[in-house]
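As they're listed, the protein sequences go chains A and B.
Sequential numbering of the first sequence, starting at 0, is according to numbering that gives the first Met the number 0.
Sequential numbering of the second sequence, starting at 0, is according to numbering that gives the first Met the number 0.
None of these hints come from the bench; they were simulated from the model.
Incorrect hints may appear among the rest.
Said to hold, decoys possible - A few chain B positions that, by computed beta-carbon distances, are all more than 10 Å from chain A:
no. : residue
1   : Pro41
2   : Phe57
3   : Cys83
4   : Phe105
5   : Pro140
6   : Gly202
7   : Phe213
8   : Leu220
9   : Gln223
10  : Gly274
Unchecked claim - Pairwise CB distance ranges, derived in the manner of DEER restraints:
no. : chain 1 : residue 1 : chain 2 : residue 2 : range
11  : B       : Gly229    : A       : Asp66     : 20 to 26 Å
12  : A       : Thr126    : B       : Pro256    : 48 to 54 Å
13  : A       : Arg241    : B       : Ala244    : 36 to 42 Å
14  : B       : Ala82     : A       : Pro101    : 40 to 46 Å
15  : A       : Arg243    : B       : Thr81     : 55 to 61 Å
16  : A       : Pro101    : B       : Ser101    : 32 to 38 Å
Where a beta carbon is used, it is the ideal one built from N, C-alpha and C, also for glycine.
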Amino acid sequence: MKTVVFASGKGGTGKTTLTAVAAHLLAPAGRLAVADCDVEASNLPIALSAVTTSSESFSGGAVAVIDPELCHGCGVCLRACRFDAIIRPDRNQASSVFSVDPWLCEGCGACVPKCSYGGSITMHERTAGQVFSGTSAVGPISFGQLGPGEDLSGKLVTEVRTRAKAMAEESGAELLLIDGPPGIGCPVIAAITNTDLLVAVTEPTVSGESDLLRLIALARRLGVSVAVVLNKADLSVSGAGRIRRLVAAEGLDLIGAIPFDPTLARTLDRLAGGASADTLLAEDAPGLLAARDVVAAIAARIG
Amino acid sequence: MAVHGMLPGRRLKIAIASGKGGTGKTFVATNLAVAIARTGTPTALVDCDVEAPNDALFLPPAATEMHAVSVPVASVNPEACTACGDCRDVCAYGALRVLGKSVVVFAELCHGCGRCTDACSTGAMSEVSHRVGEVESGAVPRDFADPGGIQLVTGRLDIGDVKAPNVIKAARRRAEVYSRSVTILDAPPGVACSAVAAVHGAGMLVLVTEPTAFGLHDLDLMVQLGSDLGIPMGVVINRDGAGSADLDRYLADHEIPILARIPFDRSVAEVYAEGGLVLDVHPDAPGWFADIWDGIARLTLEEE
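Same shape as in the complex, but just chain A (with noise of 0.2 Å):
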């Protein structure tokens, strides 16, 4: 099975719009399966109409917690945290009550055996987020949700993508399509390493420019092969022509354009609701047409 991953480094290029236009021009051509690994703001089960049929919490990390009833204000524990998560007693109250700010909290510890009155700090398990795993009109789809302000959004990409390679291997998939998240941090690592294909979605701006090039160099740090995709490619025509420049300067491939197409959200929606992409590209929807060439450029490149 191959796996195909598309990522941006700048956000809302069109990484979700391509990978569920993808997912249906492929669909017929071979089994699928399909995986969200924007763990943050997941939006491809929206695209493919996903139907969720299983749910699993994913825990992990712990926060601590005081107890005001035996905490006897000797603040041992502002000291020993580096996290600035333990809260001052509040002056303007009667109280010597120190507490956790859970925002801050990362889960280490260290103010446990550091407090002076034993047992007044106890760790808490965290609920990290949530795997889910669906149904959709193009095969099976494994996406996520990171709770909020969690920190393991790696981890939780890596569940995802656990599970979608375990559907894919079930439903005998020969292809695992991958949304990517935005930015090069930790859960973009998660995402791409290991893929057969990076499918680098950029626009004409000086933003998407300067973010290519970042993901660019995280690709090569991990190994991962890379071809590049111009969205809105007639936004700017001097843009279009440094993003040009840039992908033969890395010596990589450009390997199609796609034309601003305000339509390509409504043709989403009409695919997702069970129209064939016969029909739309008949009605020559200007995206889909050169969406169409690119999917066929991705296929040929991952044999």
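For chain A, the structure is supplied; the task is to place chain B on it using the hints.
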């Protein structure tokens, strides 16, 4: 444009965030910073999207200074290590493993809490400084943002590193030094630890969204986070036009005010693509950002 609320000595931190990427956070943050500075308010802009920082492309500082961001990471002296496993037992992150007769550190899992150093009875554990990124800061040229001026701070995560929240916190600490009346925090997309590091402690949360099913889904996640953090929120609807009934209903239900509606306009996207300042090019732009600033002033005054 109103200057209400910005009395001498008052400090306001405004975070610009969105669950979804590419909704226009950087566009709003950079133009709003200039609009506020032009009212005579000393302003700082902190680019907290340290994985993909772009504010400096639109507001290039004249001269910059650079500071490396480093974090403590556990380190083992194999000569002194007896492989007893005490360090591994206290590590909450699984960053230490006993392999054979020594301990191996998985640096990307280490949070630098110092527990292993405390727990080690032979003195084999210590912490070494490990670079994870950099913070660049400098003043935006005067003619851009007179008379208030803008101090721009950019956090940049090293490629291949995972400690984005540390770089965000370092950038915010750098901005504290400037002690500006208004500090704008341009947050990364998403709702994870990086987003919290960027918006925690802000006095106002400006959520930039677009009127699509995707935008609404991701906005809802961000609204939950903002409510949990107890920060007053307002929404900027970007690329408005194709109809936003669902979004309008959602905002009404959650009693979240709309600060401005920025219409879908290809010329805005074209100016932005070239790194231009939409505020200076589009005739309606000064009005949008004046409305946003007025709304922020109103909401943050209500809170006091």
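Right, here's what the structure says about each hint:
1. Pro41: 26 Å, holds
2. Phe57: Not fine: 8 Å to the nearest Cβ puts Phe57(B) too close to chain A.
3. Cys83: The claim holds: Cys83(B) sits with its nearest Cβ about 17 Å from chain A, beyond 10 Å.
4. Phe105: 13 Å, holds
5. Pro140: Pro140(B) clear of chain A: closest Cβ-Cβ about 18 Å, beyond 10 Å.
6. Gly202: Given that every Cβ of chain A is farther than 10 Å from that of Gly202(B), nearest at about 16 Å, it holds.
7. Phe213: 4 Å, violated
8. Leu220: 7 Å, violated
9. Gln223: 6 Å, violated
10. Gly274: It is violated; Gly274(B) is separated from chain A by about 4 Å at its closest Cβ, not greater than 10 Å.
11. Gly229(B) / Asp66(A): 20 to 26 Å: Holds - the Cβ-Cβ distance for Gly229(B) and Asp66(A), about 23 Å, lies within 20 to 26 Å.
12. Thr126(A) / Pro256(B): 48 to 54 Å: Violated, at about 32 Å.
13. Arg241(A) / Ala244(B): 36 to 42 Å: 39 Å, holds
14. Ala82(B) / Pro101(A): 40 to 46 Å: About 35 Å separates the Cβ atoms of Ala82(B) and Pro101(A), which means 40 to 46 Å is violated.
15. Arg243(A) / Thr81(B): 55 to 61 Å: Holds: the Cβ-Cβ distance is about 59 Å, inside 55 to 61 Å.
16. Pro101(A) / Ser101(B): 32 to 38 Å: 36 Å, holds
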